[in-house]
Each structure stands twice: as C-alpha cells, then as structure tokens.
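**Student:** Listed here are the chains, written in short residue letters.
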Amino acid sequence: MIWLIGFTLLLSAVSGALVVFSRDPKRQVYAICANGLVLALLFFVLQAPDVAFSEIAVGTVIVPLLFLITLAAVAMHKKPQ
Amino acid sequence: MTQRWRLVLLIPAFLVLATAAAAIILGLPAFGHPLTHYGTAVNTLAPALRNVSNMVAAVNFDIRGIDTLGEESMLVCAVTATVILLRGHRGEDGSERAGLIPGRANAARSDGMVLMCRLFATVVFLFGVYVVLHGTITPGGGFQGGAIAASSFILLYVGGGYQPWRCVLHSPVVVGLEGFGALAFVLCAAVPLAFGYAALQNVLPLGTWKDLYSGGLMVIVNIAVGVAVTGSFGVLLIEFMEETRAPKGHDEKEGA
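Going line by line, the protein sequences match chains P and F.
No gaps in the numbering here: position 65 of the first sequence is 65 in our numbering, and each next residue is one more.
Count along the second sequence from 1, add 81, and you get the number used in our numbering.
Just chain P, with the same shape it has in the complex (with noise of 0.2 Å):
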C-alpha cells in the first residue's frame, strides 16, 4: 500500500512537472489532463473515491475542454497575417 502511495505521489509529481515545462499551451492542456488523471488515481489510493469522481470530470474533462475552446476562440480571431 505504501509503495503505491509513493508511486502515485511520484507520478503527479513527474506530470505536474510536465505541466510546468511544456511551453506549447495545448501541449500543457493535455499535460493537464494526464495530471488531473493521476490526481485521480492519487485520490483513490488515498481512499477518497467522491474526490476522485469530482477531480475526474473537472480536472481532466471541463478544465481542460474550456482551455482548448478558449484556444480555439483565440486562433479563430487572429487577425490574418
């Protein structure tokens, strides 16, 4: 149990890291859906599976979906060069 504790720690802690280095933003969305996934799983471990059902439909589904709109919306506006 406990190496699966520090297992789970370890991978949020790499995908929280990929999240800060990835410099493209829709690269980091993404990076934002896998840490919220292992955040997830972070959670289940920890025994608080109603935290996981609310990190799993808003940390990987409506965050990341209102960021990739607001890209879009942002790319769609652009001024043509």
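One or more of the hints may lead you astray.
What the hints assert, rightly or not - Okay, the calculated beta carbon distance ranges per label pair:
1) G184/F with G6/P: 37 to 47 Å
2) L9/P with V284/F: 43 to 53 Å
3) F21/P with V204/F: 30 to 40 Å
4) K26/P with I105/F: 31 to 41 Å
5) V20/P with V204/F: 29 to 39 Å
6) N187/F with M1/P: 46 to 56 Å
7) T83/F with P49/P: 46 to 56 Å
8) L130/F with P49/P: 19 to 29 Å
To be verified - Derived, one-sided and incomplete: chain F residues facing chain P with beta-carbon distance under 8 Å:
9) V137
10) G180
11) P220
12) G221
13) Q225
14) A228
15) I229
16) A231
17) S232
18) I235
19) F314
20) M322
21) E324
If you are wondering where the hints come from, they were derived from the structure by calculation, not from laboratory data.
Treat the numbers as computed from the prediction; the structure is a model and nothing was measured.
By construction, the Cβ of each residue, glycine as well, lies at the ideal position given by its N, Cα and C atoms.
Dock chain F against chain P, hints included.
**Tutor:** Chain F in isolation, oriented as in the chain P frame:
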C-alpha cells in the same frame, strides 16, 4: 519603492511566513492518521442520528449544510458572472455554424464514432444520475454526480459536432436547471425556518439506513445540488463554446 527596499522588506516577511508555515505543517496530524476528533465524532454519531452511510454527505448536506449553501451560491454567482462577461462582450449575434481556424482541416466524423459517442454520452449521463441519487449511501453526491452528468454533454459535442450540440443544449432548460437547483436548496434552508425550526433542520422522516431514501431532507438537498451543478457546467460549456461560432456575415466576407 526601490529594489533594495523591496529586498529589505522581503527578508523579514519571508522569515515570519516561513516560521508560521513550519509551525502549521509540524502541527498537522501524521500522514496516514487522518482521524480528527470531529471525524471520529461524525463517524460514531451520524449513522444513528441521520440513517446515512456516506458521512461526507452527512457533513456536507446536513451537519454543515449551511456552508454548502454558501458554496453553491458561489458556484451559481461565478457561472452567472462568466455568462454576463462572455455574452456581454460577444453580443447575441453570430451565425449558428461553428467557426473554422484558418488552415486547419475539418474532416467529417464517421458514423461509428457518432454512434459510440451517443451511446457513451447516455451511459455517462445515467452514471451521473446514479451517483447523485446514491449520494447518501455510497461515495459521491450532488457535486460529483452533476459534474459527471455535465461531462456527458461534451461527448455529445465530440460525436455530433457543433450544430446538433447547440440545438440540444442552447435551450432555457439548462439555464433553468441551474436556477431551479439553487432555488430548491435555498427553499430547503428557508422552509424549516418559516415553520420555526433552524435553517436546513432535518424535518423529514429519516428513512432506512442504506436505503435509496435515507437521510430525510439530505436527499432533496443532494438532488438540488446535483441539478444545479449539471446546469451550471452545461451553461458554462455552451457559453465558452459560443465563443467559437462563425461571426455573422462571415460567408459574405469570404465570398467577396
């Protein structure tokens, strides 16, 4: 203020904050021993007092229900503010087609994908409803179930594309869900008050332990939160997605 003065101010501020943070972190219960006095008290008392088996729901919707009412109002206010900000800036005009990012391919979806997305959207929505309804028995509850149900809208978008999605979601129903859920929660707090009880006092029969109806008023509050959260996320999604509509008169400009 010069840079030197900022540095001089930073050092004492950092020292104060660091000592305070260290004191708090050292005072926390050890990792893996999360049971506080409050948690132990709730775990021992709530099953007998409220007939529920999900203690998180008991705390959220009954024992500290008034806090949840505040959170719920914050969610509704935040979503309303987003709608005002986006719609106020954008205006109501704009065509009903999705806009295109210049230079990006726009391939048609295959029938199989549309079918799969519709099937899974139904399953995900039903699972959200399930999580809401079993909020007082198993882990989950109004917020979680509402968020899961709202994420099924996204699958509809992925499968159907912008136009059918807008037909389904751009309706007063979703906005109504948000407002109705919040209103039902406020009524749950206000009606006991009107009859001389405390706000959110559990005046309904408590039901049976581990039954779908257990927890009395908690069941209604839970469903109200679920409905409000589904509506809130739905409104948020449609308002954001409207930002990617093709502007009105886009075609004429393209042709000219």
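**Student:** Each hint should be assessed against the structure and marked as holding or not.
**Tutor:** Hint by hint, here is what the structure shows:
no.: 1; hint: G184/F with G6/P: 37 to 47 Å; result: holds, 46 Å
no.: 2; hint: L9/P with V284/F: 43 to 53 Å; result: holds, 45 Å
no.: 3; hint: F21/P with V204/F: 30 to 40 Å; result: holds, 36 Å
no.: 4; hint: K26/P with I105/F: 31 to 41 Å; result: holds, 38 Å
no.: 5; hint: V20/P with V204/F: 29 to 39 Å; result: holds, 35 Å
no.: 6; hint: N187/F with M1/P: 46 to 56 Å; result: holds, 49 Å
no.: 7; hint: T83/F with P49/P: 46 to 56 Å; result: holds, 53 Å
no.: 8; hint: L130/F with P49/P: 19 to 29 Å; result: holds, 24 Å
no.: 9; hint: V137; result: holds, 6 Å
no.: 10; hint: G180; result: holds, 5 Å
no.: 11; hint: P220; result: holds, 4 Å
no.: 12; hint: G221; result: holds, 5 Å
no.: 13; hint: Q225; result: holds, 4 Å
no.: 14; hint: A228; result: holds, 4 Å
no.: 15; hint: I229; result: holds, 5 Å
no.: 16; hint: A231; result: holds, 7 Å
no.: 17; hint: S232; result: holds, 4 Å
no.: 18; hint: I235; result: holds, 6 Å
no.: 19; hint: F314; result: holds, 6 Å
no.: 20; hint: M322; result: holds, 6 Å
no.: 21; hint: E324; result: holds, 4 Å
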